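Undergrad: As a plain string of letters, each chain reads:
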Amino acid sequence: MAEILLEGLSKRFGTEEVLAPLDLTIAEGSFVVVVGPSGCGKTTLLRLIAGLEEVSSGRVLIDGRDVTHTAAAARGLAMVFQSHALYPHMNVRENIGFPLKMAGRPAPEIAARVQAVASQLGLGDCLARKPCQLSGGERQRVAIGRALVRAPAAFLLDEPLSSLDAELRARMRLELARLHRALRTTMLLVTHDQIEAMTLAEQIVVLNAGRVEQTGAPLALYHAPCNRFVAGFLGSPTMNFIEGPEAERQGAHALGIRPEHLRVTRAQGLWPGRVDVIEALGAESFLHLSSGQGRLVARLDGSADLRPGETVWLTPAPAHLHRFDAAGRALPQRPG
Amino acid sequence: MAEILLEGLSKRFGTEEVLAPLDLTIAEGSFVVVVGPSGCGKTTLLRLIAGLEEVSSGRVLIDGRDVTHTAAAARGLAMVFQSHALYPHMNVRENIGFPLKMAGRPAPEIAARVQAVASQLGLGDCLARKPCQLSGGERQRVAIGRALVRAPAAFLLDEPLSSLDAELRARMRLELARLHRALRTTMLLVTHDQIEAMTLAEQIVVLNAGRVEQTGAPLALYHAPCNRFVAGFLGSPTMNFIEGPEAERQGAHALGIRPEHLRVTRAQGLWPGRVDVIEALGAESFLHLSSGQGRLVARLDGSADLRPGETVWLTPAPAHLHRFDAAGRALPQRPG
Amino acid sequence: MSSLSPLLRKAALTLLGWSVGLTLAFPILWTALVSFRSEADALGAPAAVLAAPFTLESYAAITAGTRFTAPFVNSVLIAGGATALALLVALPAAWALALFPGPRTKALLMTILGTRMMPAVGVLVPVYLLFRDLGLLDSRAGLIVVVMLTNLPVAIWMLYGHLREIPGEIFEAARMDGAGPGAELRHVIAPLAAPGIAATALLCLILGWNEAFWTLNLSAAKAAPLSAFIAAQASPEGLFHARLCAAAMLASLPVLGLGWIGQRALVRGLTFGAVK
Amino acid sequence: SAPRAETTITVATVNNGDMIRMQHMIGDFQARHPDIRVDWVVLEENLLRQRVTTDIATHGGQFDVMTIGTYEVPIWGRQGWLLPLEFDAAYDVDDLLPPIRDGLTVEGQLYAAPFYGESAITLYRRDLLAAAGITLPDAPDWDAIRAAAAAITDRTAGIYGLCLRGKPGWGENVALLTAMANSYGARWFDMGWHPQFDTPAWAAALRDYLDMMRLYGPPGAANNGFNETLTLFEQGHCGIWIDATVAASFVTDPTQSSVAEHVGFALAPNRPGGTKRASWLWAWTLAIPAGSQKAEAARAFVAWATSKEYLALVAEQEGWAHAPPGTRRSLYAQPEYHALPFAEITLHAISEADPVHPTVDPVPYIGMQFVAIPEFQAIGTAVGQQFAAALAGTLSAEEALAASQQLTLRAMKKAGYIR
Amino acid sequence: MPPPPASRRTARLMLAPALGMLAGWMLVPLAMTLWFSLQRYTLITSGAQGFAGLENYRYFITDPAFAPSLGNTLALVLGVLALTLPGGLGIALVLAQPFWGRGVVRALVLAPFFIMPSVSALVWKTMLLHPMSGLLAHLARSLGLQPFDFLSQAPLATLIALLAWQWVPFVALILLTALQSLDPAQIEAARLDGAGPAARLRHLILPHLGRAIAVAVLIQTIFLLSTFAEILVTTNGGPGTASTTLTYLVYIQSLLQFDPGTGAAGGILAVLLANAVAIFLMRLIGRALER
Ligand SMILES: Nc1ncnc2c1ncn2[C@@H]1O[C@H](COP(=O)(O)OP(=O)(O)OP(=O)(O)O)[C@@H](O)[C@H]1O
Ligand SMILES: Nc1ncnc2c1ncn2[C@@H]1O[C@H](COP(=O)(O)OP(=O)(O)OP(=O)(O)O)[C@@H](O)[C@H]1O
Ligand SMILES: [Mg+2]
Ligand SMILES: [Mg+2]
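Residue numbers (our numbering), protein chains in the order written: chain C, 1 to 336; chain S, 337 to 672; chain W, 673 to 948; chain X, 949 to 1367; chain V, 1368 to 1658.
Simulated from the structure, these hints should not be mistaken for lab results.
Since the model is a prediction, treat every value here as computed from it, not as a measurement.
Take these hints with a grain of salt, some might be off.
[Stated by the list, open to error] Pairwise CB distance ranges (calculated):
#, chain 1, residue 1, chain 2, residue 2, range
1, V, Arg-1650, C, Leu-183, 54 to 62 Å
2, C, Ser-119, S, Glu-353, 17 to 25 Å
3, V, Gly-1511, C, Ala-103, 28 to 36 Å
4, W, Ser-691, S, Ala-447, 49 to 57 Å
5, S, Leu-555, C, Glu-202, 30 to 38 Å
6, S, Ala-443, V, Val-1471, 34 to 42 Å
7, C, Ser-303, S, Asp-661, 23 to 31 Å
8, X, His-972, W, Ala-779, 54 to 62 Å
9, V, Val-1471, W, Pro-863, 22 to 30 Å
10, S, Ala-447, C, Pro-245, 54 to 62 Å
11, C, Glu-175, S, Asp-637, 25 to 33 Å
12, S, His-559, C, Pro-318, 33 to 41 Å
[Unchecked claim] If you want the ones that stay clear, here's a sample from chain W, every Cβ over 12 Å from chain V, calculated:
#, residue
13, Ala-742
14, Val-745
15, Ala-756
16, Arg-788
We put the beta carbon where it would ideally sit given N, CA and C, even for glycine.
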């Protein structure tokens, strides 16, 4: 339940600047999700907040207190490591109970809370196992458990669900949301999962090469990305970008249209296209097409009764056309 | 380019049976994806095939040759470990080049192939870094690179894309598909990502608690799961299950209906429901509802202009209703 | 140490480290100092020893002729040869024990160490007879073998300990990459266990260099190493502190130097960032 | 370099000053015997003894010439382990001092050639005694020693009246205490090989020793052997020191001793009216093991190293004071040597020594400060530990003697001397 | 993870040379020693030789020095371990941190281990501890105190201190190397879990070092049980039997008395003692080895 304030925070490894000076406010009790391509500095950001990495410049404030030079242990944060960082010589029970033991809680309380967290995470059967005897997903859940068992000022979660299967992941996602609603503890979560980002976040921070590209509510970012990077990064399959005469005609350097905003019809439409590949996911299908505007992806509900090689017509929904200038900045929506 | 045959393969750790005796044929040149909940034995299965774990019973045949007792190194398979298992003392270049070095390839060839694989994986900038200086996603890509650089009899890939962001993951997914098309090397991939499973697999193997639940083409499994487990496991959000009078009325113990097959309307419909939560992902939204049939999830295109608390009507598409008996087995589709 | 500023903390550590180091090394530093004093000055009070003039006369006295060079060469050959041999034999053994543990591994490890339990003084006569009959008395080969054998259990134990620290999946990865046992040993185990191997080699070198019982008792003139040189310096008629110190320094400098280099290799610790 | 067939002999020797000097003189030997090469094995005394004993007893054959003491020679000679020595006339066997020569002869056969010999004397600081206004007679008794020690002890100035060996070992404190006990009329064994530590004579000797050391001795005496005491004396910490005659040449050497010009000498003390002095006889000798393949070369070396010519060579190169003492009459006949302050008294002490009749009462053994039986090394060492413990204060004199008696009895029974 | 049989065969092959050599080195002398221990066999008396039954053992055990030597041996081993383990751990922890001149300090700390034991003993005895000319005596006198005669008044304690000084670098070295294989992420996790330095030491570092500590204890014990040169040089086992250990007693028997028969009997007894100690230790720390 803490407000985290980053002021001009930056990090260099040697000469390489991994995080450019960035300012960020994580409001008390909010759920913030950090997304960005691999290697963009997400983990580094979390580690700086946690106090595991020395800052190169800038300050970290927790509840107004400058903790830039405070030891990690004294910041009162809980973290789930991307690499799990389980204690190899302790079994699951001891791993999860460790923070409580460190806090000097009485043994019966520890036992009870560990038991509760473990069953919440579906780890009831493995309590006596060592990390080397666990599956990847079980390990990750232990790492989560170690954080959940505490009552920290804030949670820092570095891709906490990446090793879980879809069902478990969905369950864990809801569990996290429920937890956040119940505790209203500040949460900072790194993920590369679109669904996680969109559903959990009150606020998404899009990081790219150590720079914050945009911050905002999930749907706001989805519908009004401030630049081409954000537009392309959120949403899967990614947004289609069209350059050339068609874009210029609309007064932009590039046009963006999401796959779900491309209407596909057998007859009639704006642009013709040839179906290359169909990815059928069951609930939906992705059509990979070649057209005069380049390679495009369209999204269809259910299974498409099309086959590769067929020619179809594509029509972008005008209300959902994004326009970008040469520098990649978004241009205002065109009236009409 | 090998056929892998498992005959009565089983594995126990101590007294715990992690894999029940299973038979499986992985056809030459096919792309098989293994899915299943966390801890169901996916990694164990791969390790048994690789020769890293001793079988408790049964045989492993590669191209008809019994390799059950052949050393891992002699089986000619390439593997991506779930935990990456990079060589910490080698830099990225050496890590990727190691299998070639072991195969005694000349240095210039190694250099060229490593370069090619690295740029294919977007690792061109990190070639000189040690694993401890890489981000999680970069590490995973190195692990993939180490497998791709070889020309093995088959690839065993244990959640190779789990640490990658959506965009990169999509790219890597296409890359794997392209590679498989080009080489037609047998590939066995473990994943917990629905999209990966659906788009990459020629055949999906659903594993549950060490047992094969069903094997088949992705859409076949999606549309005709043989039991409730498979039905619930594939597809996200998961299938809605309805028990009670409604199911019995249809001659089943339980009914199953996928979220996309529940039509949501303001007025009129089969079952009334109250909106609890709306998860808006941009391209689609998930509605969590309470109804007389229990808690249900429905899927809508785009953003829904509904708000929590509102009451809506739900209508299942009859053609997509699944019926299960008390043991969870699927019952044949009802005519009409 | 938590809230100390990094700089202050480092300063405190520096102070602590140096005082520990200087305290432990004090007898040796003092020995070194005395070795550069004349015999008469060396016997004075500490302040006088400190103030006395520098001289190399003790070194000159004890290195006269070939009395130092021959044993020095022997020591290098014996300690070096024994270490190399011991590592050659111990590394595969430790690898097998560490990576393929079986139900008997622990018993085997104990047995290996058990071979060191016989007090050397108790077996000298039998071994002497054995060496006499094999014609190995006063031969470097014989001494290399003996020193190697006395160090082998320790080498296996140390290497075993270090190898067990390496996560097993890395070896599995190497196997999947087509590395046979030899290549695995060379390309993965050796570099990964490098600090451990360096520590073990250093230990074997030191133990071999300082081994004084067997080398003294099984050698005469031809193969006698520095332990014999030292035994020739200890307590002649009268106490020659300076000369004793000079001899001690000469005999120890090579290993001290090795230690200096060795510890640098040891620092190069490895972080296992690759394994989740 | 020379393509001539070369014989290499291995000489094992102790690292005492005189032997080190011998190594520097080897050029002379090489000049006389160009076909013989000498390899040295130089070790400190205890180690050397252990090495050569192991080697000779197992016929290891690693050494061609061994440096051994008067303790080993008769025992080994009797076992047939040593080659009997015959020298040509030029060597002049008769020139060897009779007590020394007798100690190396078994049944009329000489088994080792003496390199240097020693007995015991009293060394004292003339300046300190003079300051205290007393003098020490040339043949003092223990009462005189005690009185003088009491008079000059000044602990605050770091002056200790009496320094005696205290370090355990048959060649260290046991040597001194045996000699001292002899002067008290004690002996190790009676004629039936029964240990005699339970006699009043031993009790008196040990009690006096402990008494004097406690009152006038330096701190840490229980760890002082010959070397340590020598250093103490040379640094001026000791008033009186009763020890080997060789010490005389060291303490009078100004390059090494800060009290060189103040040292006086007297015979080893006896009891008032006693017949035996607390003296001893020892020689470091060169012998050839019976199995040596190179006996001829070895004999040539031994002859050279113990010859008159060698004495002359050392005298010529380093001065007479450094000639190995105590072996040849002719050395003492040299006027230059005789003029040295310690020459006369050393000769006297050695000549007076009688290892065959070391004690007042008859004994079945030979040896003054040791008992020339094989078992003595171990027994002596163990007994020495008891004496050292008594000196350190962990045992009383009575306890130390009782323990010594018991362990000696045990060992003699095991060895079959007594039932 | 139990390995496939193919690798197990290789493993056996890899073990063979070491085991063969050690078996030879252990079994041949051991057999000879056993044989000697049953013989009446002395080197320098040509007295009756031949089969002696258990006579040598009886003689060795009834030696008045035997009982004290057992006590001294154990006290020596335990005393040194009690000093070197905490000391070595502390040093390793300090040396694992970065500070100015760490390389030099590392070399300084390791130095005592590099000196030949007999030389160390000589240096300590003559230059540090000697009650007349030793540094400590000078120090005591300059403080107006009476110098303490360490080797006579506290021989065993002094020996323990000397041995601890020699062995503490070894422990530090082993623990330092082991420390470097500790995954830093674990330490970070523990820091976030609220573990202070002491808790991290107890719950993370010590368990991680478990095996290294076990190795250090066992190796040290084996070496300490056969400590010899240091005793020979400093105290000769005395005064009395105050610092006589079992090994030293064996030395007295076999190389002073030149009675290899009795010495062999003592040697066998020493092996038995060493095994007893080792088994006891294994019980104590064995689990750390398995993990
Ligand atoms: N110790 C280090 N030394 C040098 N470079 C480093 C170090 N640690 C990280 N980096 C680099 O910093 C960049 C950011 O790393 P970081 O781990 O924060 O990425 P990330 O956003 O978490 O990526 P991922 O999603 O792949 O985990 C990467 O390019 C990485 O290679
Ligand atoms: N060495 C072992 N000893 C005991 N149990 C083990 C061992 N290794 C794995 N297991 C158990 O076997 C089961 C299967 O493990 P496996 O690693 O194959 O799971 P998985 O399907 O890969 O799961 P995930 O998706 O979480 O990686 C798990 O319940 C795990 O706890
Ligand atoms: Mg990361
Ligand atoms: Mg797995």
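Undergrad: All the hints need checking, so say for each whether the structure fits it.
TA: Comparing the hints with the structure gives:
1. V/Arg-1650 <-> C/Leu-183: 54 to 62 Å: violated (47 Å)
2. C/Ser-119 <-> S/Glu-353: 17 to 25 Å: Taking Cβ atoms as reference, C/Ser-119 and S/Glu-353 lie about 23 Å apart, which means the hint holds.
3. V/Gly-1511 <-> C/Ala-103: 28 to 36 Å: The hint (28 to 36 Å, Cβ to Cβ) is violated, given that V/Gly-1511 and C/Ala-103 are roughly 53 Å apart.
4. W/Ser-691 <-> S/Ala-447: 49 to 57 Å: holds (51 Å)
5. S/Leu-555 <-> C/Glu-202: 30 to 38 Å: holds (37 Å)
6. S/Ala-443 <-> V/Val-1471: 34 to 42 Å: holds (40 Å)
7. C/Ser-303 <-> S/Asp-661: 23 to 31 Å: Given range 23 to 31 Å: holds, Cβ gap about 27 Å.
8. X/His-972 <-> W/Ala-779: 54 to 62 Å: Since the Cβ atoms of X/His-972 and W/Ala-779 sit about 58 Å apart, the hinted range of 54 to 62 Å holds.
9. V/Val-1471 <-> W/Pro-863: 22 to 30 Å: holds (27 Å)
10. S/Ala-447 <-> C/Pro-245: 54 to 62 Å: violated (43 Å)
11. C/Glu-175 <-> S/Asp-637: 25 to 33 Å: Given range 25 to 33 Å: holds, Cβ gap about 27 Å.
12. S/His-559 <-> C/Pro-318: 33 to 41 Å: holds (35 Å)
13. Ala-742: Answer for W/Ala-742: holds, closest chain V Cβ roughly 18 Å.
14. Val-745: holds (17 Å)
15. Ala-756: Its Cβ never comes within 12 Å of chain V, the nearest being 14 Å, so this holds.
16. Arg-788: violated (5 Å)
Of the hints listed earlier, those the structure fails to meet are numbers 1, 3, 10, 16, in rising order.
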